[in-house]
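Read top to bottom, the protein sequences are chains A and B.
FYI, the numbering used here numbers position 167 of the first sequence as 167, with every residue one higher than the one before it.
In short: position in the second sequence from 1, add 240, done, that's the numbering used here.
If you're looking for bench data, these hints aren't it; they were derived computationally from the structure.
We put the CB at the ideal spot given by N, CA and C, even for glycine.
Some clues are possibly wrong.
Estimated spans, in silico, between C-beta atoms of each pair [to be verified]:
#1 Ser128/A <-> Ala428/B: 43 to 53 angstroms
#2 Ala340/B <-> Gly214/A: 43 to 53 angstroms
#3 Arg261/B <-> Asp223/A: 25 to 35 angstroms
#4 Ala2/A <-> Asp436/B: 26 to 36 angstroms
Reference excerpt, derived from the structure (chain A facing chain B, CB under 8 angstroms, subset only) [said to hold, decoys possible]:
#5 Arg43
#6 Ala116
#7 Met180
#8 Gly224
#9 Ala225
Protein chains: 2
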Amino acid sequence: MANPTAAMLVIGDEILSGRTRDANMHYLAGELTTHGIDLKEVRIVSDDAPAIVAATRALAGAYDHVFTSGGIGPTHDDITADCIAEAFGRTIDVRDDARALLEAHYANSGLELNEARLRMARIPEGASLIENPVSTAPGFTVENVHVMAGVPSVFRAMVASVLPTLIGGAPVLSQSLRVMRGEGDIAANLGQLAKDFADLSIGCYPFQQDGAFGANVVVRGTDGARIDAAVTRLADELGL
Amino acid sequence: MANPTAAMLVIGDEILSGRTRDANMHYLAGELTTHGIDLKEVRIVSDDAPAIVAATRALAGAYDHVFTSGGIGPTHDDITADCIAEAFGRTIDVRDDARALLEAHYANSGLELNEARLRMARIPEGASLIENPVSTAPGFTVENVHVMAGVPSVFRAMVASVLPTLIGGAPVLSQSLRVMRGEGDIAANLGQLAKDFADLSIGCYPFQQDGAFGANVVVRGTDGARIDAAVTRLADELGL
Numbered sequence: 001m002a003n004p005t006a007a008m009l010v011i012g013d014e015i016l017s018g019r020t021r022d023a024n025m026h027y028l029a030g031e032l033t034t035h036g037i038d039l040k041e042v043r044i045v046s047d048d049a050p051a052i053v054a055a056t057r058a059l060a061g062a063y064d065h066v067f068t069s070g071g072i073g074p075t076h077d078d079i080t081a082d083c084i085a086e087a088f089g090r091t092i093d094v095r096d097d098a099r100a101l102l103e104a105h106y107a108n109s110g111l112e113l114n115e116a117r118l119r120m121a122r123i124p125e126g127a128s129l130i131e132n133p134v135s136t137a138p139g140f141t142v143e144n145v146h147v148m149a150g151v152p153s154v155f156r157a158m159v160a161s162v163l164p165t166l167i168g169g170a171p172v173l174s175q176s177l178r179v180m181r182g183e184g185d186i187a188a189n190l191g192q193l194a195k196d197f198a199d200l201s202i203g204c205y206p207f208q209q210d211g212a213f214g215a216n217v218v219v220r221g222t223d224g225a226r227i228d229a230a231v232t233r234l235a236d237e238l239g240l
Numbered sequence: 241m242a243n244p245t246a247a248m249l250v251i252g253d254e255i256l257s258g259r260t261r262d263a264n265m266h267y268l269a270g271e272l273t274t275h276g277i278d279l280k281e282v283r284i285v286s287d288d289a290p291a292i293v294a295a296t297r298a299l300a301g302a303y304d305h306v307f308t309s310g311g312i313g314p315t316h317d318d319i320t321a322d323c324i325a326e327a328f329g330r331t332i333d334v335r336d337d338a339r340a341l342l343e344a345h346y347a348n349s350g351l352e353l354n355e356a357r358l359r360m361a362r363i364p365e366g367a368s369l370i371e372n373p374v375s376t377a378p379g380f381t382v383e384n385v386h387v388m389a390g391v392p393s394v395f396r397a398m399v400a401s402v403l404p405t406l407i408g409g410a411p412v413l414s415q416s417l418r419v420m421r422g423e424g425d426i427a428a429n430l431g432q433l434a435k436d437f438a439d440l441s442i443g444c445y446p447f448q449q450d451g452a453f454g455a456n457v458v459v460r461g462t463d464g465a466r467i468d469a470a471v472t473r474l475a476d477e478l479g480l
């Protein structure tokens with residue numbers, strides 16, 4: 001049976017402007033691979049309501065799971081929760097259980113649960129909460145969309161909360177072979193290998209180092225013995 | 241007049257699997273900001289022809305420019321050029337000028353211009369070539385889509401070839417203010433600032449450091465004096 005599919009939606013002007021480098025995508029990609037869920041697409045959009053709503057609908061309709069990152073804090077540019085509600089035609093309001101979490105947290109911390117912070121208790125109707133052991137304000141799941149924070153430490157904690165609740169497939173295994181030749185020299189071998197091992201995914205990722213071209217060949221699949229066989233054959237053919 | 245808009249399409253299983261971290265997106269985002277072109281969306285898709293074709297069509301129809309990265313090398317998994325041709329309903333074949341570039345390059349390097357490498361001279365009909373001073377095999381532009389390599393050094397060289405040919409807008413300027421308070425404490429100030437400086441974009445990017453929460457407030461726009469005024473007012477209000 002094929003593994004479940006997933007997409008990620010990153011909401012963040014700061015990445016599109018080149019100010020910061022996204023860290024959550026790389027983390028989620030690794031976690032999903034381990035969990036046997038195939039990440040098929042990532043979209044990064046700006047803090048723009050129509051863009052977030054359209055991307056949410058498109059991805060939720062095309063993949064088994066959608067994971068979003070960013071835009072659920074207390075400030076004016078945090079519009080993700082409202083956009084997700086709109087994408088699914090649901091109402092959104094401060095919810096008692098989410099408010100209770102925040103009240104307890106801010107009572108302990110001595111900070112004020114002001115109007116801005118209370119926005120973080122706005123949850124679309126019918127959503128289930130995603131636990132946030134780092135900073136309390138919860139994420140939430142609506143249908144097949146898991147809405148999480150953009151701060152990397154919080155994002156990771158929320159991924160750890162939500163992933164065990166999802167049904168994964170067979171973990172994807174991989175082996176790689178580093179070849180200090182140009183891709184063009186090994187392309188014929190790789191093409192034949194991909195045909196003979198059609199159950200595996202064989203990728204070739206070129207690099208440049210000290211002026212010389214090389215390539216990392218990565219063989220992926222769910223059957224470790226098949227991966228071994230493919231990598232061994234390629235290494236033999238290339239005299240490695 | 242509003243700045244031209246752009247999207248980026250990254251083609252690469254290796255990023256979606258979590259094996260490598262994309263570097264080209266961050267680079268392009270910075271270059272476009274400097275050049276006055278607003279990067280509005282990024283999509284990352286796998287080495288899958290229908291996914292590449294669909295994303296190309298969607299982005300080319302929605303933005304002034306599309307920049308792609310990856311999938312134009314000599315191996316079996318390099319299918320970007322064929323997908324771009326299909327997206328625009330154009331034929332694709334080895335083109336004489338691209339072949340001549342490769343012939344000269346491989347004659348000099350002592351490497352064989354074999355069948356696999358000749359694939360890199362396949363160019364959709366009517367495209368213009370993008371110069372590649374690093375490794376010769378060219379990128380190309382079809383309509384508003386600029387097709388470039390995934391190897392970072394080559395991608396950067398191609399961006400340097402193509403960007404000066406595009407009409408940019410006013411460079412986006414920015415200033416940031418680091419605030420060692422939770423976002424919730426400054427959200428009301430930021431909301432009012434965003435209303436009073438509606439010509440600027442005001443973003444708040446929280447972080448955690450040594451267990452304490454802080455936020456970087458970034459003010460962006462094309463008028464440096466307005467940005468100064470907004471940042472100065474916020475700093476005064478927060479007692480910084």
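Status of the hints after comparison with the structure:
1. Ser128/A <-> Ala428/B: 43 to 53 angstroms: With Cβ atoms ~30 angstroms apart, the hint is violated.
2. Ala340/B <-> Gly214/A: 43 to 53 angstroms: This hint is violated: roughly 26 angstroms between Cβ atoms.
3. Arg261/B <-> Asp223/A: 25 to 35 angstroms: holds (27 angstroms)
4. Ala2/A <-> Asp436/B: 26 to 36 angstroms: Given a distance of about 53 angstroms, which is not inside 26 to 36 angstroms, the answer is violated.
5. Arg43: holds (5 angstroms)
6. Ala116: holds (3 angstroms)
7. Met180: Violated, about 13 angstroms.
8. Gly224: violated (16 angstroms)
9. Ala225: violated (20 angstroms)
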